[in-house]
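K.L.:
Single-letter residue listing:
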Amino acid sequence: MAVTATHIWYYFICKREVWLLSRGIAADQEDENLDLGRFIDRNTYQKNKKEIVAGNIKVDRVRKEGEEVVVGEVKKSSRFKESSRYQLLFYLDSLRQMGIEARGELLFPQEKKREKVEWTEEKKKELDKVVEDIRKIAKKPVPPAPKKINFCKKCAYREYCWAEG
Amino acid sequence: MKKTLYIFQKGRLRRKDNSLLFEGEETGKKFIPVEDTNDLYLFGEVDISKSSMEFLSQKEICVHYFNQYYGYYMGTFYPREHLNSGHVILKQAEHYIDYEKRVDLARQIIFGSISQMTQVLNYYKNRIVSGADEITAVIDDFKKQLENLDQAKEIEELMAEEGHAREKYYSLFDYIIQNKDFPFEKRTKRPPLNRLNALISFGNSLCYTIVLSETYKTYLDPRIGFLHSTNFRRFSLNLDVAEIFKPIIVDRLIFSLLNRKQLNKKHFDKHTNAILLSEEGRKIFIRELDERLKQTKKHRGLGRNVSNRRLIRLELYKIQKHLLEEKEYKPYKAQW
Ligand code: SF4
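Top line first, the protein sequences correspond to chains A and B.
Each residue of the first sequence is one higher than the one before, starting from 0 at the first, in numbering that gives the first Met the number 0.
Each residue of the second sequence is one higher than the one before, starting from 0 at the first, in numbering that gives the first Met the number 0.
Next up, chain A with everything else stripped away, as it sits in the complex:
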């Protein structure tokens, strides 16, 4: 299975969601939160969004500082920092495999914050572990049971997960 940035994102939030995504079980398409997400995507960031697509990765901004390539990822909030970091690391690693050395920057415009993310041998090992674990989750015959977390409230799978009762 090809592990994508979306899997990485959800890995740090909910492993069950990783499994569902890996089986092509998409979330409720009429979900109002999903709609809100789409709306924000289409409107708020449209103006300054310059997406770059390379292979199966998609990054928000790329600029050159001297010899260095800097990849910028714009995020709505720093709530899912862990997800954001590894996602960006995943991008940097993919670029490396294409022969491009880059460093990364997470941007949280609404909070006026930015954070550096760098590719190192050590980080790469951690990333590999995450990717390996995602593959393991996807191979499980049965999805991990739902666990009520804060994210459930906004998760488009919530009706599916909590349909009992």
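It should be emphasised that the hints constitute simulated quantities derived from the structure, not laboratory data.
Worth double-checking, as some hints may not be accurate.
What the hints assert, rightly or not - Pulled a few chain A residues facing chain B out of the computed Cβ check, cut under 10 Å: (1) A25; (2) C160; (3) W161; (4) E163.
Every residue, glycine too, gets a C-beta built ideally from N, C-alpha and C.
Use these hints to put chain B with the ligand onto chain A, whose structure you have.
P.N.:
Just chain B with the ligand, lined up with the frame of chain A:
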């Protein structure tokens, strides 16, 4: 939530640029808000162009056809599946082919069906003028039947259990309705031979289409049912799931329509060999049904209000979870 649209008049449906236009004989031109439409019911004689079908399919809208004069359900235009997961379909097929797995699911459905009939009877037991003892006796019978369901090892046995339960259940309708214009007599389907049967048939066919529309929003294949066998020529999963919702959605609606005198003799037409709801009657029935489906109740699992219609979707999700072997299916049980 998106709306269900009902068209009763004669007219033409065609695509106009990026929307659908209905040209009705009575009301003239009207645009159909496709983005806001969940499904479409055509009762009137509606000419529908191929390009509008394409558009409806693109917008993922199911179209249910009913005969204009008799109100019989004719079929559904079920757009090409838009949600698709190989994994779910394989699991669904596996649960059909593996007979034991199939019987297990069928048993749960029958369990749900009889439990829901019990709920309806419980509700009316204390509200009726006479017949409380008869109702209590049937409730007791149902309890025993539910306990014995585990012993059924064949689909046919389960079907028979359901048949017996339904017979006892119908025999109590006269106590609940207490209206000499609407005696139950006996169950007659094709064609219904009295008014009450006409109501039950009409209501049930609507219930099948509602479940079908909801199935479209899931990964389940409506052609693979468990209680109702699959022959791939018609939908059957919706017949299964409807068993659980017919008592609380259709039967209770019928009782309330008759007891509140919203429907009476005048709303029925006599045809050569059938008695059927008139167009006016169908309109009343659907208006009230739609209201009922929109009503919300607190859902314990989700911790918020969900509509009756949504409950049907949740039931399908539960079945999907059973198929994925993550959680054993336990049918919905109304709490009142
Ligand atoms: S609802 Fe909760 S448990 Fe279910 S996928 Fe979403 S986050 Fe995970």
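K.L.:
Take the shortest C-beta to C-beta distance between A:W161 and chain B; is it under 10 Å?
P.N.:
4 Å, holds
K.L.:
Double-check A:A25 for me: the hint is only fine if its C-beta lies closer than 10 Å to a C-beta in chain B.
P.N.:
A:A25 check passes; min Cβ-Cβ to chain B is 7 Å, inside 10 Å.
K.L.:
Does A:E163 pass the interface check with chain B, least Cβ-Cβ distance below 10 Å?
P.N.:
5 Å, holds
K.L.:
May I ask you to test the interface hint for A:C160 with respect to chain B, counting a Cβ-Cβ separation under 10 Å as satisfied?
P.N.:
9 Å, holds
Of the numbered hints listed earlier, not one is contradicted by the structure.
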